[in-house]
Amino acid sequence: MEFRFEIEGGNFSKAGTASSEVKKILKQLNVDPKIIKRTVVSLYEAEVNVVAHAYEGEMNVEIIPDKVSVTIQDKGPGIPDIDQAMQEGYSTATPKVREMGFGAGMGLPNIKKNSDQLNISSKVNVGTIVEIVNYLK
Amino acid sequence: MVKVADIVNKLNARIVCGKCDLDRKLEFGFASDLMSDVLTIDTENLLLITGMNNLQTIRTSEMLDISHIIFVRDKKASKEMQELACEHGIALLECGYSMFRACAALNELGLKPVY
Ligand SMILES: Nc1ncnc2c1ncn2[C@@H]1O[C@H](COP(=O)(O)OP(=O)(O)O)[C@@H](O)[C@H]1O
Ligand SMILES: [Mg+2]
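If you're matching them up, the sequences are chains A and B in order. Reading the first sequence from the start, the letters are residues 1 to 137 in UniProt numbering. Reading the second sequence from the start, the letters are residues 1 to 115 in UniProt numbering.
Keep in mind the hints are simulated off the structure, nothing from the lab. One or more of the hints may lead you astray.
As a list, the in silico BS3-like pairs of lysine-lysine whose alpha-carbon atoms are at most 30 Å apart [what the hints assert, rightly or not]: (1) A:Lys-14 to B:Lys-3; (2) B:Lys-10 to A:Lys-24; (3) A:Lys-34 to B:Lys-19; (4) A:Lys-27 to A:Lys-123; (5) B:Lys-79 to A:Lys-113; (6) B:Lys-10 to A:Lys-14; (7) A:Lys-137 to B:Lys-19; (8) A:Lys-37 to B:Lys-3; (9) A:Lys-75 to B:Lys-19; (10) B:Lys-3 to B:Lys-76; (11) B:Lys-3 to A:Lys-96; (12) B:Lys-79 to A:Lys-37; (13) A:Lys-75 to B:Lys-75; (14) B:Lys-76 to A:Lys-137; (15) A:Lys-112 to B:Lys-79; (16) A:Lys-112 to B:Lys-19; (17) B:Lys-79 to A:Lys-24; (18) A:Lys-75 to B:Lys-76; (19) A:Lys-75 to A:Lys-137; (20) A:Lys-14 to A:Lys-34; (21) A:Lys-75 to B:Lys-3; (22) B:Lys-3 to A:Lys-137; (23) A:Lys-14 to B:Lys-19; (24) A:Lys-123 to B:Lys-79; (25) B:Lys-112 to A:Lys-37; (26) A:Lys-113 to B:Lys-19; (27) A:Lys-137 to A:Lys-24; (28) B:Lys-19 to A:Lys-27; (29) B:Lys-3 to A:Lys-24; (30) A:Lys-27 to B:Lys-10; (31) A:Lys-14 to B:Lys-79; (32) A:Lys-75 to A:Lys-24; (33) A:Lys-96 to B:Lys-76; (34) A:Lys-37 to B:Lys-76; (35) A:Lys-96 to B:Lys-19; (36) A:Lys-27 to B:Lys-25; (37) A:Lys-34 to A:Lys-67.
Calculated Cβ distances over 10 Å to all of chain B for the following chain A residues [as the list claims (entries may be wrong)]: (38) Ala-15; (39) Leu-29; (40) Val-40.
Computed from a prediction, not measured in an experiment: that's the story for all the values here. Quick reminder that beta carbons are idealized off the backbone N, C-alpha and C, glycines included.
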């Protein structure tokens, strides 16, 4: 099964709608709730990152019986140093993002913790691609 | 385990979102205004205590299967927040206490810390 959702940069009132749809689908497929939680927390962190740091993006989801693979791809400033961005506490979030309750620099480490595979690639001034794979069994 | 009804009484709280089962029991509490923090928590039967009243508080709770949120410092849940919470079966409470006072009272009731 494949699904595609759009993500609007800067629009915090819609942040999380894509992850929410994926959660609904995984629930319908009777996936173990613990695996659903790990997966949607990862997706939500990545979705919020697009809203907080990029201009626009999309989430592409592929579900096969034993795994869910998700690509969150955006047009945005990109990440110059991915190792640095992965460090807990590192954040370039604006005051507006912090006011929303995000921007503590804990998102990428949290995605790492909640995913079985994580791959990030990025080009400065072009955008970022975050690939997350979780096994469903 | 602490009954939701006891929480409502002790904190002088208002139930703002419909289907709130007052007999439901909660075991843990986690207090933060920072959703980044909340998203690192993986605990069932948890009450979220927060002063952050925006849609992302509800979204964060949805992702984590948090069933009950209490807003402190007299923060109000907007209509949109209430609708989203209802859609996902999340009960919303509001109280006028400060975060510290609310947490102290909840601790007295026996709600446990996550760490
Ligand atoms: N999609 C993205 N586009 C551009 N920069 C990003 C993106 N995702 C993450 N980053 C960069 O990595 C940093 C760390 O991300 P994260 O750990 O999620 O923390 P936070 O979002 O709280 O800042 C961000 O502050 C930002 O500089
Ligand atoms: Mg983030």
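Which of the numbered hints above does this structure break?
-> 1, 2, 4, 5, 6, 7, 9, 11, 13, 14, 15, 16, 18, 19, 21, 22, 24, 26, 30, 35, 38 and 40
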